[in-house]
Amino acid sequence: MTDQKQRITEAEAIEQAKQGHEPAFEILYNLHKRRVYSLCLRMVSNPAQAEDLAQEAFLQLFRKIGTFRGESAFSTWLHRMTVNVVLMQLRKKGLPVVSLEETLEADDESPRKEFGTKDLKLTGSIDRLQLQRAIDKLPPGYRTVFVLHDVEGFEHNEIAEMVGCSIGNSKSQLHKARLKLRDFLKFMRAEKAKTG
Amino acid sequence: MAGQQGAGLLETRIHSTIVVTLVVATCLASAALAETKKEYRFTVGPNANISVDTQYGGISVHPGSSTEVVVTAILKSDSVEVDQQQNGNRIEIASHLLQGATEKTGQVNYELLIPADATLSLHSSTGPLSADHLQGDMTLEGTDAAVNISNVENGHVHVRTMRGPITLTNVRNGHVEIASISGNMQMKAVTGPVVQANSGSGKISYDGDFGLSGDYKFTTHSGDIEALVPQDVSADFRAHSMVGRVQHDFPLQSKHSRFPVELGRSFFGSAGKAASEVVLRSFSGRIRLKQH
Amino acid sequence: MTCSDVQQLLPELLDGAPDAAFQAAFDSHVETCPDCAGLVSDLKLITSQAHDLAETDEPPTRVWVNIAAQLRAEGLIREEETAPGPVLVPSSPRRRWSAWWLAPVAAALLAAGSYVVSHKSAQPIAQNVPPPQPVQSAPMQSAPVESAKTDIPTPSSTSVVASSRVAEQGPQEVATKSGHSASAPPRVVSAPSSKEDQQFLSMVSTLAPSSRATYENQLQVVNADIQETQAYVDQNPGDADARQHLMDAYQQKALLYQIAMDRIQ
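Protein chains in written order, with the working numbering: chain A, 233 to 428; chain B, 122 to 413; chain C, 6 to 270.
Isolated chain A, as found in the complex (with noise of 0.2 Å):
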């Protein structure tokens, strides 16, 4: 009943804001402000940026909100053109969006042993702050793929359209940015286990 109400405000936001009613903007904004914000700071790692990069996302969708037939989800529509929004700038910036390897390596696939893996296995909950830092210490094109993926939820196919790689690619990214964030993790473990 809620999701319905919900739906139906948005839509009703929808309706006005192509009218050009300040409140019903902002109602949109309200309503999807966090998960623009939260994906333009995991793909750039960089909140300046991504509060340049969201204002820029919605300041796109709501100059075409006209052009929108609710033949898609609006949160659907507004998260693709925000993904897009970002693409552009780290394309600007003359940072990869995602490597070219098709194939997986065999030296990235072994498990790590340095780190005394028996003893400091990954159970339990992760610290998600430190999983935000592992994420923002990835490269880019590895984070582009990983926040896609596992975080915003986009499938293989819609990735390598969006990034303009192919659905192997894609796995094979996000499969290498999982090995590093595990890599990662277990470190900063270590070193608070260290630091005590």
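If you're looking for bench data, these hints aren't it; they were derived computationally from the structure. All residues carry an ideal CB built from backbone N, CA and C; glycine is no exception. One thing to keep in mind: the hints can contain errors.
To be verified - Sample of chain A residues at the chain C side, in silico, Cβ under 7 Å:
| # | residue |
| --- | --- |
| 1 | 252 |
| 2 | 254 |
| 3 | 263 |
| 4 | 265 |
| 5 | 273 |
| 6 | 287 |
| 7 | 290 |
| 8 | 298 |
| 9 | 299 |
| 10 | 300 |
| 11 | 382 |
| 12 | 383 |
| 13 | 403 |
| 14 | 407 |
As the list claims (entries may be wrong) - Every beta carbon over 10 Å from chain C, so not counted as near; a handful from chain B, in silico:
| # | residue |
| --- | --- |
| 15 | 195 |
| 16 | 208 |
| 17 | 224 |
| 18 | 262 |
| 19 | 265 |
| 20 | 310 |
| 21 | 395 |
Mind docking chains B and C on chain A? Use the hints.
Relative to the frame of chain A, chains B and C by itself:
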């Protein structure tokens, strides 16, 4: 007794008046909404020029006699009139809305029979507009009108809509320019020497072989572009999307080019003997080249 | 199944729909290999925890303040209006719409777009790139519409806006950009000229009120496309293809004006 009879008479008169009033009102209403069919005939020579302009209603054109233009107009109500004028070989037909006309009551639907090689100009806000089996030059414009052009040879075809979809079928050897702000465009068996399609947010779909030695340019801002071609297609292909994804489902012979080819965003290559040139451009739409 | 096989199959096993036989072999190996078991467990944990990060952060208030200010500046936020009434049609004989200032505005839009495309980024402004000439206006039709009560602005004040702003801003842009002063392209003013757009919509409201929403909607679309492309051109000034797309976006706006001129009576 007399008073009661008087009251009864009065009541009857009141009832009668009400009934008569209702009948008259119904007749008037019916008359206002009654469709009227009118026919106009014009004698013309070679290279006739025909223009039809209606705010509301569709226009359909077919080939007829080479020396006569026949216009059949179906008026939805008496809130609209048809103005018609002939100056030599030039014929102008226009719907003229009267006070109080609405989109419904001001509608006029036209059917025309014209010489196949006549020059044609059609305008409507609501449409639909259609032209079939003609050979002359034509301009079709509409706001939301759906435009359908089929079985046209050798003519100049110009179409402009705001949101109305545009469909071209079997338009051969034409000089085709179609533009829309957000209307979708569908082209099936459409060949040049020149075919240009521009849509802002509408989708452009092409199904055909791109003919021989033609120039084809499809451009969108955010709309997708999809081209479906046969195995024996013969064309140079260049595709680029600034932000959207670009892909082709069959191998192209790579060509040396000064244009930078960005993986996933552009491709440049040829198929067959590269008889035609095909340029597919979009700002943020997806571009796909597929084979039957 | 070996540890190496597990590494190869992990992506499919974690995210895909694995073959039942592979799944069985995988499960059997993991039961007996603590290292692979640890790896699988860790990756699943990372994936499940990652999803919780989707909406953790809230942007500062200034983000909305900036968005609202920009929407107002672009005219996307406007005052309450009464809903348009039924179509009113002038009782006088059919006559053409005489907002003749629209034709030069449309031409100015095309001129501004052409200037963007024709300019080469490597060329110094002062030497090779003259600003476009102001567009000369011409009355479109003879008889004014009697029923129109809106003041028609003179072409000198409106029709050259787009092109003259290009001329004005070019040298300033060159002077202020450090490090690129000799070669920076002039900044074309963003196409949504609110004054012209408002006059355009005002005209539509007067002559065809039931169509206003449609034209306004399409105007927002074309303006958004121009701004989006302009932003891209600003970020990639040397990209000729981007400039061509900006010209295409201007042409779309000119098309909208032309369609309006043709249809509204």
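(Q) Given residue 383 of chain A as an interface hint, is its Cβ closer than 7 Å to any Cβ of chain C? (A) holds, 5 Å
Q. Against chain C, does residue 262 of chain B keep a CB gap of more than 10 Å to every residue?
A. Incorrect as stated: the minimum Cβ-Cβ distance to chain C is 6 Å, not above 10 Å.
**Q.** Status of the residue 252 of chain A interface restraint (C-beta, 7 Å, chain C)
**A.** holds, 4 Å
(Q) Take the shortest C-beta to C-beta distance between residue 254 of chain A and chain C; is it under 7 Å? (A) holds, 5 Å
Q. Is the nearest Cβ of chain C still more than 10 Å from the Cβ of residue 310 of chain B?
A. About 26 Å separates residue 310 of chain B from the closest Cβ of chain C, which puts it past 10 Å; holds.
**Q.** Claimed clearance of chain C by residue 265 of chain B, with the beta carbon kept past 10 Å
**A.** violated, 7 Å
Q. Are all C-beta atoms of chain C more than 10 Å from that of residue 195 of chain B?
A. About 19 Å separates residue 195 of chain B from the closest Cβ of chain C, which puts it past 10 Å; holds.
Q. Does the CB of residue 265 of chain A sit less than 7 Å away from some CB of chain C?
A. Hint holds; residue 265 of chain A Cβ to chain C Cβ min 6 Å, cut 7 Å.
Q: Would you check whether residue 403 of chain A satisfies its interface hint, that is, whether its CB is within less than 7 Å of any CB in chain C?
A: Residue 403 of chain A check passes; min Cβ-Cβ to chain C is 5 Å, inside 7 Å.
Q. Can we confirm that no CB of chain C comes within 10 Å of the CB of residue 208 of chain B?
A. Non-interface label on residue 208 of chain B holds, nearest chain C Cβ at 17 Å vs cutoff 10 Å.
Q | Minimum beta-carbon distance criterion (7 Å), residue 298 of chain A to chain C | A | holds, 4 Å
Q | Hint status (Cβ of residue 263 of chain A to nearest Cβ of chain C, threshold 7 Å) | A | With a minimum Cβ separation of about 11 Å from chain C (threshold 7 Å), the hint on residue 263 of chain A is violated.
Figure legend: structure checked against the earlier numbered hints; hints not met, in rising order: 3, 10, 17, 18, 19.
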